[in-house]
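Line by line, the protein sequences are chains A and B. Note that our numbering gives residue 380 to position 150 of the first sequence, counting from 1, and the numbers run on in steps of one. Note that our numbering gives residue 504 to position 106 of the second sequence, counting from 1, and the numbers run on in steps of one.
In case anyone wonders, no lab produced these hints; they're calculated from the structure. All values reported here derive from a predicted model rather than from experimental measurement. Glycine is no exception: its CB is placed at the ideal position from the N, C-alpha and C atoms. A few of these clues could be false.
To be verified - FRET-style restraints, in silico, Cβ to Cβ:
1) A:Phe275 with B:Arg515: 25 to 33 Å
2) B:Val660 with A:Glu292: 51 to 59 Å
3) B:Gly529 with A:Val421: 35 to 43 Å
4) A:Val380 with B:Leu548: 45 to 53 Å
5) B:Thr437 with A:Thr451: 52 to 60 Å
6) B:Glu472 with A:Val282: 51 to 59 Å
7) A:Ala387 with B:Val439: 19 to 27 Å
8) B:Val660 with A:Ala464: 47 to 55 Å
9) B:Ile663 with A:Ala296: 51 to 59 Å
10) A:Ala508 with B:Val660: 20 to 28 Å
11) B:Leu598 with A:Ala387: 25 to 33 Å
12) A:Ile549 with B:Trp464: 54 to 62 Å
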Amino acid sequence: MHAVTFFYKTHGWQTKMLRFLARKIPSVMVVALISSMIAFILPRFAPGDPAVAIAGSEATPEQLAAVRAELGLDQPLVLQYWDWLAGVFQGDLGMSLITKRPVSELILSGLESTLELTLLATILMITVGLVLGVLGGAKSTGLGRLLLDVVTTIFLATPPFLTGLILIVLLGIVTPILPVSGEVLLSEDFVEGLKYLILPALALAIPQGALVARLLQTTMTAMRNEDFVDLAKAKGVRPGLILRRHVLRNSWGPAVVAIGLRIGDLLAGAIVVEAIFARNGLGSLAVLSVQSRDYFVLQALILGAVIIAVVIQLLCEIILATLDPRIRLEG
Amino acid sequence: MTTSVQKTSWRTNPTLIRYALAFQSSKGMAALALVFAITSVALLAPVLFPQGYDFQTRNALVGPSWQHPFGTDEIGRDLMVRAIYGLRTDLGLIFTAVPLSMAIGTILGLLGIISRRLGDWVQRGLDVIAGFPGLILGICIVIVVGTGWLALFIAITIAGLPSFGRLARATLLTQMNREYVIAAMTLGVSKWKIMIRHILPQAAETIIAQGAVFVVAAVFIEAALSIVGLGLQPPEPSLGTLLNIGMLYVTLTPMYVIGPTVILIILALAFSLLADALNEAVNQR
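Extracted from the complex, chain A is given alone in its bound form (with noise of 0.2 Å):
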C-alpha cells in the first residue's frame, strides 16, 4: 500500500477532495436541473388528457375544468415546474393522478423490492466479473481458457430479459428448484424472500458481471506486458506473486470504473426483469405509470433515476482516484 500513503502524505488528500468536489458539484447541480425540466415536461407531451382520464370520457367541459383547477393543471407550465420542483425539496411529490395516492408513497412501496434486487445483482456481478476476469487475465492456455471465452462471450452477449428467461426455462421449470414468478420481501421471510430473489439477481447481473470482466482481461492482459512485470520476473518473483502485486493490483482501478457504469444499467435493466418475474417493484411501478399516464409518479422517477445515475458516477470517479495514485483529484 506504499503507493496510496505516499499518496496520502504528500498530497493533503483531504483538501484535494474538498477541491475535487467543489470543482464538481456545479456541474452536477446543472445535470440535475436539467434533468428536472426533462423529467417535468416529458411526461406532457404524452397523448391524452390526464383530466379526461380521470373525470371520464363523459365528462362536461366543466367537470374537466374543475379537475384541471384541481390539480393545478391549469396554471402556466413555468408556474407548475416551479410548484413541483419546491415541492420536491420538501419531500413533497405530489399526489398521483391514477391511484389518487401521495407519489412517495408508492415510490416506498416499491423501494424495497427494487433495492434488494439491485443490491443482490450488484453482489452477484462483481462476484461474475471478478471471478471470470482473473481467470481470463491470469496466462493460461488449452480447452479451459476456450471453455472461458466462450462463457464470457455468450453472458455478454445475452441481455438480462433474454438470459432471465433462460434462466426461468432451465431452473424454474425444466428443473423446478426456485420459483419463477411474485416475490417475498427480504423484511418478512428472508429464506423465502432469497429463493425469489436469486433468478431475477442472476438474470440482471449475469449481462453485466461479464462486461466487467471482459473490462478486467483486456486490463490484465495490456499490463502484463508492461516493463515492472518483465522486471519482476527477471527478478525472479513467483508468478502467482506477479499476478497478484503487480498485474491485479494495477487493474482494479478500471474494474472499479466499470462496476460503478454497470450499477446504472442493473437500475435500468430492474425494469424488464421486474416485468418478467412479476415483482411489484419501482419498475413495475414505471411501467404501470406510462402505460397510465401518471404524470406525477413519472416525473418522480425520471428525476430519481438521473439523479442516481449522476451520484453514481460521481462516486466512481472519487473512488478511482483514491485507488490510483497516478490520477489527481485535481484532474
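Chain B: place on chain A using the hints.
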C-alpha cells in the same frame, strides 16, 4: 475544374470485393444461410400458413404436438404460426428502422465537414443519447408518442445514432488528415466532392458492418419493450409481445415462452455471425 478520379466499376470495387470475400469463410456462409432462411420463412409466412395468425383451434394452451409444434395459446391459436408472424413483424421493423438509423447517423457524423465546431456539438448530442442506460431511452419515447409500432421504430432509430455517427465521424477525422485528401484539397477539389468520393465509401464499409451488429440490438430493444408491455399492442404478434403474454402461462405451457425465445436467439445468432464475418472482412487490410 475537372480532376481525373479513377472510375471503378462494381466488379473491381474494393469494398464489394471485400464483402464478397466475407461470405467465403465458413462463418460468413453460415451467417448468410441463416439470415436467408429466417428472412424467407418470414416473407413466405402468408403462403406457408394461409390461415393467418388469428386462426383459432378448439384446444387452448395445449403442449407441443406434431400439429402444433409450439402448442397453442390461451385462445387456441397455433403458437408456431404466431411466432413466425411475430418474426415477420420484427424483421419488418428492423429492416426499416436500422437502415434509416444508419443513414441519419452517417449524415450526423459527417456534419463535421461543415465546421469543426458543428461536428463537436453533434458528437456531444450523440453522447447524451448514448448515455441513456438500457431501456430508459425507449421508455422516454413511449411516454412521448404512446405505445405501438411508431414508438418502437423511433426508439430503434434513435438508439442506433450514436454508434453510426461515431463511426462516420472517426472516418471523417482520420481521412481529412491523410495526404491524398490534403493533396486533393490543395488542387482545389471541393470538400463535398472529397466527401462523396473518398470519405463516404470508407465510412460505409464500417457502418454496414456495424449495421449488422445493431440489428441484434434492435431485436432486443423490440423484445424488451414489448415484454414489459410497452411495445406492440395485441392482436398483432411480435416476438416480444408473445413473450409478454407467454410469461403469464409459463408454468402451464413452457413452450409459449421457449418457442419465441428460441426464434429470438436464432435471429440474434444469425446477425451476430453476419456482423463478425463483415467485420473480419473489413479489418483484413
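Results for each hint:
1. The hinted range of 25 to 33 Å is satisfied by A:Phe275 and B:Arg515, whose Cβ atoms lie roughly 30 Å apart.
2. Restraint check, B:Val660 to A:Glu292: a C-beta distance of roughly 56 Å satisfies the suggested window 51 to 59 Å.
3. Our hint of 35 to 43 Å for B:Gly529 and A:Val421 holds, since their Cβ atoms are close to 39 Å apart.
4. Between A:Val380 and B:Leu548 the beta carbon distance is about 39 Å. The supplied range of 45 to 53 Å is therefore violated.
5. One distance hint, 52 to 60 Å for the beta-carbon pair B:Thr437 and A:Thr451, is violated here, with the actual separation near 39 Å.
6. Range check, B:Glu472 to A:Val282: Cβ separation about 32 Å, and the 51 to 59 Å hint is violated.
7. The beta-carbon spacing between A:Ala387 and B:Val439, approximately 23 Å, falls within the hinted interval of 19 to 27 Å.
8. For B:Val660 paired with A:Ala464, a C-beta distance near 54 Å keeps the hint of 47 to 55 Å intact.
9. Distance hint for B:Ile663 and A:Ala296: a CB-CB separation of about 54 Å, consistent with the stated range 51 to 59 Å.
10. In this structure the supplied range 20 to 28 Å holds for A:Ala508 paired with B:Val660, their Cβ-Cβ distance being about 22 Å.
11. Separated by about 30 Å at the C-beta atoms, B:Leu598 and A:Ala387 satisfy the suggested range of 25 to 33 Å.
12. Separated by about 59 Å at the C-beta atoms, A:Ile549 and B:Trp464 satisfy the suggested range of 54 to 62 Å.
Violated hints, in rising order: 4, 5, 6; the structure is consistent with all others.
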